[in-house]
Amino acid sequence: MTFIIFLGLSWHSLSQEVPKQTHPENITPEVIRGKEIWEENNCMGCHSIFGEGAYYAPELTKVYERQGEGMIKSILMSPVPWGPKGRKMVAYEMSEEDAKAMVEFFKWAGEVDLNGFPPEPDLKPEN
Amino acid sequence: MKYKSQKVAYLFFAFSMLLIVLQVIYGFIMGIDRIGFDEWFHDLIPFNAARATHTNLLVVWLLSGFMGAAYYIIPEESKCELISVKLAKLQFYSLAIVAVSAVIGYHFNWWEGRKFLEIPRPLDYLVVVNVLLFLGLILGTLWKAQQRTTTAMVLTMGLLFAALLYLPGMIWFDNQTMDSFFRWWVVHLWVEGVWELIMGGILAYLLIKITGVDREVIEKWLYVIIGLTFLSGVLGTGHHYYYIGTPKYWLIVGGIFSALEPLAFLGMALFAFAMYRKGEQNHPNKLALYWTLGCAVVSFVGAGLLGIAHTLPAVNMWTHGTLVTAMHGHLAFWGAYGMLVFAMIVYAMPELTGKNLFNTNRGQIAFWLANIGMIGMTTAFAAAGVAQVYLERKVGMNFMDAQNELEVHFIVLLGAASMFAAGIGFYVYEFIKFGPPRDEALIEATEEYKPITEN
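As you go down the protein sequences, you meet chains A and B in turn. Sequential numbering of the first sequence, starting at 1, is according to the numbering used here. Sequential numbering of the second sequence, starting at 128, is according to the numbering used here.
Warning: the hint list may mix true and false statements.
Unchecked claim - Label pairs and their in silico Cβ distance ranges: (1) D122/A <-> L149/B: 38 to 44 Å; (2) N236/B <-> E96/A: 32 to 38 Å; (3) E120/A <-> L266/B: 51 to 57 Å; (4) G83/A <-> V344/B: 56 to 62 Å; (5) G83/A <-> N236/B: 17 to 23 Å; (6) A91/A <-> G267/B: 49 to 55 Å; (7) W495/B <-> E120/A: 41 to 47 Å; (8) H23/A <-> L145/B: 42 to 48 Å; (9) D122/A <-> I559/B: 37 to 43 Å; (10) G83/A <-> I492/B: 36 to 42 Å.
Derived by calculation from the structure, the hints in this document are not laboratory data. Quick caveat: nothing in here was measured; it's all calculated off a predicted structure. Where a beta carbon is used, it is the ideal one built from N, C-alpha and C, also for glycine.
Go ahead and model the full structure; you've got the sequences and the hints to work with.
Structural data, given as C-alpha cells:
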C-alpha cells in the first residue's frame with residue numbers, strides 16, 4: 001500500500017513537478033558535460049550540491065552566484081591546489097572548455113527551485 | 128554447526144573483519160585531514176578518495192557479513208546443505224576481487240562520483256552477476272529444502288529486494304535532481320527498508336538460538352516489525368526529497384513517515400528484550416547476547432532517535448548537508464548493521480570451530496570499548512554539527528572560517544575513535560584466535576531440532 005502511494009507520488013513528482021522546478025530546457029550539452037566532470041572527479045567526495053555529498057568543502061549549489069564565473073574557472077584551471085584558508089583542493093588543471101562546462105553546470109544548479117534551500121542566515125549580525 | 132556447507136560463511140566473516148579494519152584506518156585519515164594535517168595525505172589519498180573508500184568499505188563489509196550470515200543461517204533453518212559450496216566460494220572470491228578493485232580504483236580517480244554508489248560502472252555489472260550468483264545459491268537451497276521458515280524467508284526476501292533495488296542506481300540521468308531521486312531509491316530503500324528485513328531475519332535467528340523462546344512467538348514479532356518497516360520506511364524516503372528540486376508535498380509526506388521510522392527500530396528493541404526476559408534457556412554464549420541486545424538498543428538510538436532528530440523538515444532545512452548527518456550516520460550504521468554483523472559472527476564462530484572461547488575478557492572489552500568509543504564519536508559529530516549549523520547557516524559565517532572553529536571537536540572525535548578502534552582491534556583479535564572452521568565442530572543435525580508445526 002505505502003509502496004503504491006510512493007510510486008504514485010514519485011511518478012507525479014518526476015513527470016509534473018520536477019520539470020517545473022529544474023528547468024530541463026536549460027540542461028544544455030555543456031551542463032551535461034559539467035555533470036559528467038562533477039562525477040568523474042567525485043566532487044561530492046568533499047563538496048555538496050543540493051546539500052548532498054560530503055561536508056569537508058563548501059556547499060556548491062549557489063557557488064555561481066557567490067563566486068562568479070571568473071573565480072570558479074581560475075580555481076578549476078589552477079595548477080596549484082586551491083585552499084586559501086586551509087584544506088587543499090585537488091589541483092585539477094582543467095581546460096578552459098571543461099571549466100566553462102562546470103560553470104554552466106553550477107549556473108543551472110543555482111537556478112533549480114529547492115524549496116528554499118539553502119536558507120538565508122537569520123541570525124546574521126548587522127554591520 | 129550442523130551442516131558442512133555452513134563453513135563457507137567463515138570466508139565472508141573474515142573478509143568483513145579485514146574491511147572494517149581498513150575502514151577504521153580511512154576514518155582516521157579523514158579525521159587527521161580535518162584537524163589541519165591534510166598535507167600529510169593530500170597527494171596520495173585526497174579527502175574524496177578517503178571518503179569514498181571509507182563509506183564503500185562499510186557497505187561491502189556489511190554486505191559480506193549479511194552474505195556470510197545467510198550462508199550460515201539458511202542451511203540450518205531449512206535443514207539442507209547449500210546446493211554448491213564450490214559456487215559459494217567462487218562467489219566469495221569474485222566479491223573480494225570486485226571490492227578490492229573498486230577500492231584501489233578510487234585512489235586513481237576511477238569512480239562514479241555519486242555518494243555511496245561510487246563503484247565504477249564496469250564493476251557494477253560484476254556486482255550484479257555476483258549478487259545473482261549469491262541469490263541463485265540461496266534460493267536454490269531453499270527450493271530443494273524440506274522446510275522454509277519465516278525467518279529464512281524474511282532474510283531471503285530482504286536480500287532479494289536489496290539486489291533488485293541496486294538497479295535504479297545504475298541509470299544515467301542528465302538532470303542532477305533525477306539522478307539524486309533514484310540514487311535514494313537504492314541508498315534509502317536499502318538501509319531504511321530492505322536491510323531492516325535482513326536485520327529482522329538475523330535478529331530473529333539469533334534470538335531463537337540464544338533465548339530458546341519458541342519460534343512461533345519470535346516469528347509473530349517479525350511480522351509486526353516488517354509491517355512497521357514498510358509502513359514508515361518506504362514513504363520515509365521523502366525526507367531525502369525535501370530540498371533537491373522535488374515538490375513541496377514531500378516535506379509533509381517525508382516528515383510524517385520519517386517520524387514513524389523509529390517505530391520499527393523500537394519494535395526490534397522491545398522484541399529483543401521481551402524475548403530475552405521470556406527465554407528460559409541459559410545459552411553459554413553471553414557475548415552473542417550482548418551484541419544482539421546491544422544492536423537492538425543502539426539501532427533504536429542511532430537510526431531511530433538521531434534520525435528523527437534531523438528529519439523534521441523545519442530542522443532539516445538548517446541541518447541538511449552538515450555534519451549533523453555524519454552524527455546520525457555513524458551511530459545508525461554501527462548500531463543497526465555493524466553490531467548485527469558482529470552479533471552474528473560472535474554467535475557463529477564457536478559453532479563453526481567447536482572452540483568454546485565464550486565470554487573472554489577481551490571479548491567483553493571489545494564490546495564496551497567499541498560502543499563507548501562510537502557514542503563518543505557521535506557526540507563529537509553532534510557538537511561539531513550543531514556548531515556548524517549555527518555558525519555557517521544561521522550566522523552566515525564563511526564555510527572555512529566556520530570549519531576552522533570546529534577543529535577542536537575533531538580532536539575529541541579522534542580520541543573517541545581511538546577507543547573505538549581499540550575495541551575493533553580486540554574483536555578482530557578474538558576472531559583470529561578462533562581460526563578457520565573445523566569438521567570436528569559438526570554436530571548431529573537432528574539432535575536439537577523439534578519438528579516445526581504449522582499453525
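Outcome of the hint check:
1. At roughly 42 Å, the beta carbons of D122/A and L149/B sit within the given window of 38 to 44 Å.
2. Roughly 21 Å separates the CB atoms of N236/B and E96/A, a value that falls outside the hinted 32 to 38 Å.
3. Look at E120/A against L266/B: about 53 Å separates their beta carbons, and that is inside 51 to 57 Å.
4. Against the hinted window of 56 to 62 Å, the Cβ-Cβ separation of G83/A and V344/B comes to about 59 Å, which satisfies the hint.
5. A beta carbon spacing of about 19 Å between G83/A and N236/B agrees with the range 17 to 23 Å that was offered as a hint.
6. About 52 Å separates the C-beta atoms of A91/A and G267/B, a value consistent with the hinted range of 49 to 55 Å.
7. For W495/B and E120/A, the hinted distance range of 41 to 47 Å is satisfied, since their beta carbons lie about 45 Å from each other.
8. Checked against the hint of 42 to 48 Å, the C-beta distance between H23/A and L145/B comes to roughly 47 Å, which is consistent with it.
9. Restraint check, D122/A to I559/B: a C-beta distance of roughly 54 Å breaks the suggested window 37 to 43 Å.
10. Against the hinted window of 36 to 42 Å, the Cβ-Cβ separation of G83/A and I492/B comes to about 41 Å, which satisfies the hint.
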